[in-house]
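Listed in order, the protein sequences are those of chains A and B. Taking our numbering, I'd label the letters of the first sequence as residues 1 to 272. Taking our numbering, I'd label the letters of the second sequence as residues 1 to 238.
Rather than coming from a laboratory, the hints here were simulated on the basis of the structure. For glycine and all other residues, C-beta sits at the position ideal for the given N, C-alpha and C. It is possible that some hints are incorrect.
Below are the DMTMM-like pairs computed for lysine to aspartate or glutamate, each with C-alpha atoms no more than 20 Å apart in a straight line [as the list claims (entries may be wrong)]:
no. : chain 1 : residue 1 : chain 2 : residue 2
1   : B       : Lys130    : A       : Glu211
2   : A       : Lys166    : B       : Glu129
3   : A       : Lys254    : B       : Glu160
4   : A       : Lys254    : B       : Glu129
5   : A       : Lys269    : B       : Asp90
Among the chain B residues that face chain A by a calculated CB cut under 8 Å, a handful are [claimed, not checked]:
no. : residue
6   : Val13
7   : Ser14
8   : Pro15
9   : Arg19
10  : Gly20
11  : Tyr33
12  : Leu38
13  : Gly39
14  : Lys50
15  : Tyr52
16  : Ala70
17  : Arg71
18  : Arg77
19  : Ala79
20  : Val86
21  : Pro157
Each chain, written out:
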Amino acid sequence: ETLALGRRLPADKPIAPQAAWGRHDGAPCRCWKGCRDPASRGGSWGPLSGAGGALEHCRATSAQTRLQPPAAWSSGVFWGLAILYWFKANSLFRYKMQHFTHQLELFPDCSVTLVLFNDVKNSVALRKKAMEGSIEGALINPAMIVDPFQILVATNKAVHLHRIGKMKTRTLNAEIIFNLSPNNNISDALKKFGISDNDSAVLIVLIEDKEKTVNLESIISQVEGHQVSLAELHKITDIAKVKKMYRLTPQEEKIGTLLDGIICRMSTKDIA
Amino acid sequence: MAGGGGEAGACAVSPPPLRGLQLVQQGAEARLYRGQFLGRAAVVKLRFPKRYRHPALEERLSRRRTAQEARSLLRCRRAGISAPVVYFVDYVSNCIYLEDIVESTTVRDYITSIQQSGKDTSNLFLLAEKIGEVLARMHDEDLIHGDLTTSNMLLRPPGEELDLVLIDFGLSFMSGLPEDKGVDLYVLEKAFLSTHPNTDTLFEALLKKYSTTSKKSSLVIKKLDEVRLRGRKRSMVG
Chain A
1 ETLALGRRLP ADKPIAPQAA WGRHDGAPCR CWKGCRDPAS RGGSWGPLSG AGGALEHCRA
61 TSAQTRLQPP AAWSSGVFWG LAILYWFKAN SLFRYKMQHF THQLELFPDC SVTLVLFNDV
121 KNSVALRKKA MEGSIEGALI NPAMIVDPFQ ILVATNKAVH LHRIGKMKTR TLNAEIIFNL
181 SPNNNISDAL KKFGISDNDS AVLIVLIEDK EKTVNLESII SQVEGHQVSL AELHKITDIA
241 KVKKMYRLTP QEEKIGTLLD GIICRMSTKD IA
Chain B
1 MAGGGGEAGA CAVSPPPLRG LQLVQQGAEA RLYRGQFLGR AAVVKLRFPK RYRHPALEER
61 LSRRRTAQEA RSLLRCRRAG ISAPVVYFVD YVSNCIYLED IVESTTVRDY ITSIQQSGKD
121 TSNLFLLAEK IGEVLARMHD EDLIHGDLTT SNMLLRPPGE ELDLVLIDFG LSFMSGLPED
181 KGVDLYVLEK AFLSTHPNTD TLFEALLKKY STTSKKSSLV IKKLDEVRLR GRKRSMVG
């Protein structure tokens, strides 16, 4: 007998659970993936599979459609990439940290670069070159430096005085070294803050402006030592020597850091 | 720095080219800016040229005041009194680049807020004693501030710790005379009592702590009493 809809009910066929055909109970498939299989839509005609209805249908096909775990090789690729990026980032970071550069706010065309070297073997030759003026940077004894800010303040003042023609020394590099000193004695400053013959570490300050660019590679090649990041400066600083040089009072140590006391003396030594 | 804008002579000085620059205050004598200098938060005090002054006087006066301020700040620090660190002094444009005490409150705002909120005022007495102590140390160094008001004293955050910082040494000078120290205290007294009503007991506590901390206080307090008697509608004896 045909039904009004033109479908035939196979009434006399044996109904095996999987082979049963009939109208679904109308409940939508409760599977997570928003089943689009028409057989699982509520109220549709299709193979019945017991009371579970639509969900059972999904379960039957889920082996193919369920989210597969990633392939075994893909985790290897993921970790490999992660390690690669970590190395790259680290080396970029190290590159950025190795030489510290700052553009002076008051002199926007001027930028200051600090490079720190350890285990320096040719400090005698370097000192001679510095005295002659054949090195393009200021060579400073890093044991007397507690923070790069100290150098920036000295350099800022040196560039300012150079631009108005009122430097106390003869060259910009000597002026930077002189500005680090708490007193007004130039030769004493150059001796204490410049490099000496038996120093094993040296800090080079390079100034670049629109008239003069600096070749970092050539400077590095002239030093027989290894370039280290400025983060290592705190290991090279000799705090006792610094305290003795700047003569901080005990009351001063209570109201600020060593760096505060140093900066104050550096910036006001010409009028105090 | 006297408050209120009174730019009697227009000035054509450009502000310093710092990063994140903003004008904090415009006073009669100088302008205060805030910005980043060499990687640190800094405050710039720019003494702009005043056209109403004779140019020769103008140059000399501005330079002297700038130098005096920088020198006093150094002396203060050497004596162990908290004052901002001087980063750079520009004698061409008469600018001082100082340390910026971030998120500080003035003592004036602190006292007003405590009085208004009706909170426990015992902290105010501690504050008054702290101020007295700091002033005593300053006067013992023979340093006169010259413009002592509660707006010229800052409290580092958090305010409750009463970490006092003195600022604005533009009118400061060195003097050992009890007269000058007495006048300094008188200026503070007048400013204190007019800005914060009903604080007589606070100021008394301040003076008491001052006399116990300072070594030469008896003469100074005597002079202070004498100075109080001066002025309009006051006794002309003594």
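Verification of the hints:
no.	hint	result
1	B/Lys130 to A/Glu211	violated (54 Å)
2	A/Lys166 to B/Glu129	violated (46 Å)
3	A/Lys254 to B/Glu160	holds (19 Å)
4	A/Lys254 to B/Glu129	holds (19 Å)
5	A/Lys269 to B/Asp90	holds (13 Å)
6	Val13	violated (14 Å)
7	Ser14	violated (12 Å)
8	Pro15	violated (12 Å)
9	Arg19	holds (6 Å)
10	Gly20	violated (10 Å)
11	Tyr33	violated (12 Å)
12	Leu38	holds (4 Å)
13	Gly39	holds (7 Å)
14	Lys50	violated (22 Å)
15	Tyr52	violated (27 Å)
16	Ala70	holds (5 Å)
17	Arg71	holds (5 Å)
18	Arg77	holds (5 Å)
19	Ala79	holds (6 Å)
20	Val86	holds (5 Å)
21	Pro157	violated (16 Å)
When the structure is compared with the earlier hints, violations turn up for hints 1, 2, 6, 7, 8, 10, 11, 14, 15, 21 and for no others.
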